[in-house]
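Asks: Chain order of the listed sequences is L and H.
For reference, each letter of the first sequence is one residue, going 1 to 128 in this note's numbering.
For reference, each letter of the second sequence is one residue, going 1001 to 1326 in this note's numbering.
Heads up, some of the hints might be wrong.
Said to hold, decoys possible - Just the calculated beta-carbon pair ranges, DEER-fashion:
1) H:Q1304 - L:N96: 49 to 57 Å
2) H:K1158 - L:K111: 23 to 31 Å
3) L:I108 - H:R1132: 30 to 38 Å
For the record, the hints were derived by calculation from the structure and aren't laboratory data.
Where a beta carbon is used, it is the ideal one built from N, C-alpha and C, also for glycine.
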Amino acid sequence: MPKLLPLLEHVVKKPIWDCRMCGQCVLHSTGMTCPMTCPKTLRNGPCGGVRPDGNCEVVPEMPCVWVKAHDRSQHMPLIPKKWRDEFNHLRPPVNNALQGESSWINLINGKDQQTPAGWVPGEERHEH
Amino acid sequence: MSTEPSNNDSHSINVFEELCLSRARPVMTAELRSFDGENLAVVEKELTELTPYIDGINITDNPAAHAHASNTAMAIAVKTLGGNPIMQIVCRDKNRLAIQADLVGAGMFGVENFCALTGDDVTAGDEKEARRVFDLDGPQLVSVMTGISQGSYLSGRKLKSEPHMFIGAVENPTAPPLDYRVDRALKKVDAGAKFIQLQICYQPEKLEHFIRGCVLNGVAERAALLPTVVFTKSARPLGFMDTSVPGISVPKAVIDRVANSEDQAEESYQLVKEQVIYALGLPGVAGIHFSDFRHDGSLQRMLQELGLGPKGHDRQPKEDKNAYSH
């Protein structure tokens, strides 16, 4: 089962979200747009290199992942307000040890919520 | 003037920090050019020319993804030579271990000001085949800096003392999604940024839109906003920035204005002067960050003409100096 679930998750999420199996899924808070598909793998919004047409600095023919994420997080139907608000939260650095693991299992066992002991969370904001 | 508490007995007054917090007068920062194996006497000469006019000097970190003498080495050199370095750190080249090591190491030499950037991608540079790191992103790096200033590595392991640090970041008022940029600035301020240097902006309406948003969401009060201007000698670098520098667009009208003038160097200078006067007039702007492709004394000339330098002579406090002070 532990080996089967990552495979199942990959089969489901790869075609829809181009999932990279980071093992700590934040899709719900990023407008159902995977931040690991950003060439810089940024977890906290778009870099300053976004082109005037909204495309990626690194891959000019690709729309910026975070421009898409921002748009979707605000406008996509059926997304709960709580998830929309989470867009602006400070997401911690990626735990590279979880790469390839099932984020579904890590959600249940809480591993995807664990942060390094010295991590200073940003002041949480709930407006918007 | 307020002073942050420090555990470092040898801590001397950090003018850049004092001004960002007090807003007693406009803060002026400039970028030190990159060095490629030159003698430190050259660094000292260039630093000495700038120091009387500015409050902090940015030490870049492999700008535009080109390797140069390292940010840490140059920040330490500038500190040793009597300057007040603002050490930029990008996320592109080093993982979290290396970045924390640089922060703590530079701190031991008295470097106090740190500026977190995501960094241009490796594809912007001359070694496009390099591995991009981005183990941290910009807002995460600000938070890691805050942790170290509180005496702890990201792992939770304690430092022997809490280094005195003044932490900042950057933001680009002209990059999409425009309305989100103020939220991203707020995210960095929430993570501990006390100053934000802004990307070069040739569209005043976008700068104003961003600054107004930062006044409304409190960023302008909690962090010193420093728009960037850049000295060029002609229209050619403006065109280069427009086509080749990620995140900067220069309207054709601006390029044409300089290109069609009789004296391109003077017209470029006047363009920057207008930008500085405009930016300093926006409520919420705490000062200016200068980037310089000319190196012909334009910065000194401008600050003299605007009555803002050299320090200790004719610098006047801003009229609305209390509007955004703490």
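Asks: Taking the hints in turn, state whether each one holds.
Replies: Status of the hints after comparison with the structure:
| no. | hint | result |
| --- | --- | --- |
| 1 | H:Q1304 - L:N96: 49 to 57 Å | holds (52 Å) |
| 2 | H:K1158 - L:K111: 23 to 31 Å | holds (25 Å) |
| 3 | L:I108 - H:R1132: 30 to 38 Å | holds (33 Å) |
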